[in-house]
Amino acid sequence: MLLIRCPYCEEERPELEFRNAGEAHIARSANMAGESDDDFEKFFFIRSNPKGIIYERWRHIHGCARFFNAVRDTVTDKFVMTYKAGEPKPSKLPKNSNEVVAK
Amino acid sequence: MSGALRIPGAGRLSQAKTARFSFDGQSYTGIEGDTLASALLANGVHLVGRSFKYHRPRGILSAGAEEPNALVQIVRDDARKTPNVRATVQELYDGLAANSQNRWPSLSFDVGAVNDLASPLFSAGFYYKTFMWPKAAWKSLYEPKIREAAGLGVSPERPDPDHYSSRYAHCDVLVLGGGAAGITAALAAAETGVRVILADEQAEFGGSLRFESGARIDGQDGFAWAQAAIARLSAMDNVRVLPRTTAFGYYAQNFVGLVERVSDHLKAPGHDLPRERLWQVRARRVVLASGAIERHMVFANNDRPGVMLAGAARTFLNHYGVAVGRNVGVYTANDSAYGAAIDLKKAGVNVAAIVDLRDNPSGPVVDEARALGIEINFGRAVIRAGGKLRVSSMTVQPKNGGGERTIAVDAILMSAGWTPSVHLFSQSRGKVAFNDETKRFVPGAYAQDCVSVGACNGTDGLSATVDEAYAAGAKAAKDAGAKAAKGVKPKVDASESWSRGMLGAAPGAGPDTTVKAFVDFQNDVTAKDIRQAVHEGMRSIEHVKRFTTNGMATDQGKTSNMHGLAIAAETLGKPIPEVGLTTFRAPYTPVTFGAIISHARGPLFDPTRKTAIHPWAAAQGAVFEDVGQWKRAWYFPKAGEDMHAAVDRECVGVRSQAGLFDASTLGKIEVVGPDAARFMELLYTNPWEKLEPGRCRYGIMLREDGFIYDDGVVGRLAPDRFHVTTTTGGAPRVMNHMEDYLQTEFPHLNVWLTSITEQWAVIAVQGPKSRDIIAPLVEGIDMSDEALPHMSVREGKICGVPTRLFRMSFTGERGFEVNVPADYGQAVWEALWAEGQKHGATAYGTEAMHVLRAEKGYIIVGQDTDGTVTPNDAGLDWAVGKKKTDFVGIRGLTRPDLVAKGRKQLVGLKTKDAKVVLEEGAQIVEDPKQAIPMKMIGHVTSSYWSQNCGRSIALALVAGGRDRMGDTLFVPMPDGVIEVEVTGMVFFDETGGRLNG
Ligand SMILES: [Zn+2]
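Protein chains in written order, with the numbering used here: chain A, 1 to 103; chain B, 1 to 997.
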């Protein structure tokens with residue numbers, strides 16, 4: 001079972017308290033009704049599904065109930081870092097994931 | 001006497017404490033502290049099972065958890081018949097009853113043994129080749145026969161009466177394995193004061209100190225030192241010592257699963273004891289001290305009962321006081337087996353000969369064996385074991401060929417060397433590395449905060465092990481936050497040192513031979529099978545493994561993997577690391593389902609949710625149905641009524657007088673805040689800004705793709721307050737959906753969402769008399785049609801308690817839904833029920849509710865829709881706000897496929913024969929005479945007998961359905977084709993006059 005750090009509770013908690021909510025940083029258009037078919041396809045259907053670093057959303061559903069973002073390595077399952085919803089996609093990742101989690 | 005082969009003065013068990021037991025119905029006597037294996041061996045019993053594929057007689061190979069052969073069934077009673085128990089692990093108790101497995105009619109005469117003669121049929125890959133054709137025969141013939149013939153034990157006939165428990169634990173240092181290495185590491189860590197857990201799978205700690213008679217630590221015999229150390233550890237407050245506890249799985253971030261066998265060793269465990277306990281431990285640091293497992297020699301007939309691992313024979317002697325034979329032979333490729341020969345010789349057992357593959361070994365053990373007068377043959381191989389139900393001889397030959405010599409023996413003790421147990425390390429996602437010099441896979445790169453010490457790390461010798469373990473234990477404690485160690489490292493006074501050994505087939509079982517030299521005993525895989533797999537094109541060890549099933553039995557190849565790998569590598573002409581090692585997977589040894597599910601069975605498997613009105617319904621004799629976790633009253637049968645009669649009566653009762661229905665399970669969410677209406681505009685297709693407080697609206701929620709996600713009636717209590725209802729099953733996901741958008745897409749909106757499902761009990765009162773029933777109990781609400789029209793909501797009191805009174809209808813009748821705080825739910829229900837009795841009211845359940853709404857063509861999301869249905873498809877286009885510029889799903893609705901012609905649309909169906917009720921899910925075709933497979937144009941989503949309509953009614957999704965009004969379509973069923981007419985969705989009161997009537 002993974003330990004996940006909730007950026008709102010500022011605590012590492014067991015995976016059981018959380019629920020994955022899909023890929024992060026896929027913005028909903030302010031002019032949704034006017035989106036082209038191609039743009040809507042990208043928004044709704046296309047996901048990166050990478051081998052390696054993924055930016056994804058989680059919800060601390062059995063905790064503070066907040067949605068937040070996480071950077072996770074899909075090969076090792078290790079969480080590199082977590083951050084609050086609405087914060088920008090981190091441009092630089094910390095080298096040692098454990099250090100970040102322990103902060 | 002506890003067995004003729006018990007050696008007086010040998011071993012550590014007290015001869016005074018005898019225990020009676022039976023094996024295959026025959027009675028024997030053992031000693032408390034025995035395993036079933038040691039007790040059988042003490043009585044001279046080696047034959048304990050038949051092999052999986054060839055039904056060859058098999059004996060006891062090992063003295064531990066790696067045992068592949070000695071699997072038995074332990075029978076306590078009808079419900080407690082545990083199959084596949086390793087006799088080497090099962091502790092003896094007085095009255096223990098065990099049976100052999102996989103044999104018929106008896107262990108010594110087994111009809112299935114013809115498989116051994118027919119073995120060419122069963123060679124590598126036989127599952128894939130022999131049973132390929134014809135296809136149907138697999139299910140009806142081959143599979144049942146294989147299962148019957150190859151079964152491992154018998155399932156109990158009754159549910160498991162035992163209980164199991166589960167605990168979470170946290171510690172600073174978790175030490176897995178309680179031999180010299182694990183105990184030393186635990187001591188080093190514990191002395192710093194950090195929290196330590198030490199677990200070992202055996203009943204007693206000590207690991208190989210159980211048999212290693214040459215070990216002395218801190219001035220004591222090694223095993224005695226181990227017991228003293230465990231006593232010290234157990235007395236420390238910061239240490240938990242867990243014997244009989246197997247670490248079976250190593251998961252992410254130092255999360256380790258352990259199973260403690262709590263009562264399988266007890267004669268009559270009280271019901272206050274669980275059978276097993278699952279420990280889920282999160283550790284800051286893990287020390288792996290899992291030891292090493294001895295390998296057998298791969299030679300012809302190396303599976304005969306009496307042929308066993310040398311270390312096991314030594315354990316049986318030095319710990320249990322049992323000689324595994326009276327005239328034993330030893331076959332080895334390393335030093336460690338000499339210890340077995342020496343100890344047995346000293347105990348008075350005749351050692352016929354040591355056969356050593358090595359050309360000219362020397363050292364203290366060789367000298368000692370020679371000094372004891374044991375015959376030693378260097379540079380020779382045992383090419384064959386004689387005997388059938390018990391080994392009777394070993395045939396020896398110079399390893400490069402030459403004259404054979406047969407030596408009579410009643411046991412062969414073998415050792416090809418020791419394989420480090422890297423299972424848990426590998427499970428932790430660490431990468432093993434091959435040491436070319438020692439031919440061993442040892443821990444390489446680590447993926448988690450753990451460290452390996454001792455034999456599992458490839459560390460040879462007791463001194464080096466203790467040094468390494470003490471340093472690692474202290475460092476793990478320090479890394480976990482400890483200050484400084486205060487203890488003293490144990491001092492090794494004497495130890496044994498072992499050399500390396502060999503991998504693969506021994507001489508006499510080489511590529512030019514066809515002998516049965518077993519690599520994997522449990523799955524009956526021979527050296528020849530592995531070579532054949534390579535010859536047939538398998539290149540990766542993963543393919544060889546699956547083709548031969550080597551290492552795929554319940555022992556997971558603990559003794560066989562390295563031999564199999566070496567033979568495959570040799571056949572491929574590649575170095576071992578290039579062929580690769582198969583993946584080690586959890587569980588390390590089999591884990592019972594009981595331990596995993598613990599108390600989560602029966603009523604505790606899943607929470608049961610009951611409404612406030614449940615006790616009343618139960619007292620009325622309601623039949624309940626499960627709706628998610630809810631128990632809902634399905635119908636209320638009166639004496640002599642079946643379900644149909646009850647439902648017909650309830651449906652007619654509602655429309656003729658009135659009905660009471662418990663709608664409490666309906667999902668309810670309160671949407672509150674200055675931006676509540678704006679939020680509702682975005683989450684639902686409907687317009688909300690202009691809905692007046694006190695009025696209600698039927699709302700539709702979409703996903704972004706434009707498909708219906710949920711629906712429900714929403715009441716606006718105030719400008720900033722909406723009472724939203726959802727489907728019963730949809731409540732949690734609708735709440736999640738709303739929170740998701742509020743938190744991440746529309747965080748600028750000032751809105752609070754609260755789940756109020758369990759705060760309000762909901763009593764639906766429906767039918768022409770509904771107002772007459774409610775009105776006398778209500779205070780502060782004008783119940784007139786003018787003041788309280790259809791689709792409105794008021795707050796007031798009923799029976800003196802607060803209510804949110806909705807005028808709404810899911811039946812098509814004048815109707816109300818009375819929301820009261822859940823604590824008053826039953827009291828208000830009972831008051832309404834009493835009032836209702838004056839007006840002939842009926843209690844109705846979910847089945848009547850379904851029929852009544854279908855008579856009106858009201859859909860149920862999830863039954864009449866399936867995640868691919870748009871509002872337009874469902875005939876609900878009127879509920880989509882045409883002037884709105886945004887809501888979730890607005891763009892999805894205009895996708896090309898969603899506006900295309902010919903989409904499946906909801907329509908009504910009437911069977912031509914009014915008495916015929918369609919099956920829900922039945923497929924619909926245009927032309928029943930077309931060839932199979934027919935073109936299906938839709939399916940039935942809802943179908944009922946309607947007593948109110950005097951006929952069957954149905955809803956269906958049909959391609960282009962609304963353009964087919966009046967058309968005849970067909971529903972082909974196994975016993976004939978049913979003709980139906982396409983109609984509108986409303987079957988009763990088409991004008992809707994009764995809503996206000
Ligand atoms: Zn949180």
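No wet-lab data here; the hints were simulated from the structure. Worth double-checking, as some hints may not be accurate.
To be verified - Only pairs whose alpha carbons sit at most 27 angstroms apart, straight line, appear in this in silico DSS-like list of lysine-lysine:
(1) B:Lys399 to B:Lys431
(2) B:Lys838 to A:Lys78
(3) B:Lys638 to B:Lys929
(4) B:Lys431 to B:Lys491
(5) B:Lys439 to B:Lys638
(6) B:Lys690 to B:Lys883
(7) B:Lys901 to A:Lys78
(8) A:Lys89 to A:Lys78
(9) B:Lys901 to A:Lys42
(10) A:Lys42 to B:Lys882
(11) A:Lys78 to B:Lys431
(12) A:Lys95 to B:Lys81
(13) A:Lys95 to B:Lys882
(14) A:Lys42 to B:Lys884
(15) A:Lys92 to A:Lys78
(16) A:Lys51 to B:Lys431
(17) A:Lys95 to B:Lys915
Note that the structure is a prediction, hence the values are computed from the model and not measured.
Against the structure, the hints come out as follows:
no.	hint	result
1	B:Lys399 to B:Lys431	violated (36 angstroms)
2	B:Lys838 to A:Lys78	violated (67 angstroms)
3	B:Lys638 to B:Lys929	violated (45 angstroms)
4	B:Lys431 to B:Lys491	violated (32 angstroms)
5	B:Lys439 to B:Lys638	violated (79 angstroms)
6	B:Lys690 to B:Lys883	holds (13 angstroms)
7	B:Lys901 to A:Lys78	violated (48 angstroms)
8	A:Lys89 to A:Lys78	holds (18 angstroms)
9	B:Lys901 to A:Lys42	holds (25 angstroms)
10	A:Lys42 to B:Lys882	holds (26 angstroms)
11	A:Lys78 to B:Lys431	holds (16 angstroms)
12	A:Lys95 to B:Lys81	violated (54 angstroms)
13	A:Lys95 to B:Lys882	violated (52 angstroms)
14	A:Lys42 to B:Lys884	holds (24 angstroms)
15	A:Lys92 to A:Lys78	holds (17 angstroms)
16	A:Lys51 to B:Lys431	holds (19 angstroms)
17	A:Lys95 to B:Lys915	violated (73 angstroms)
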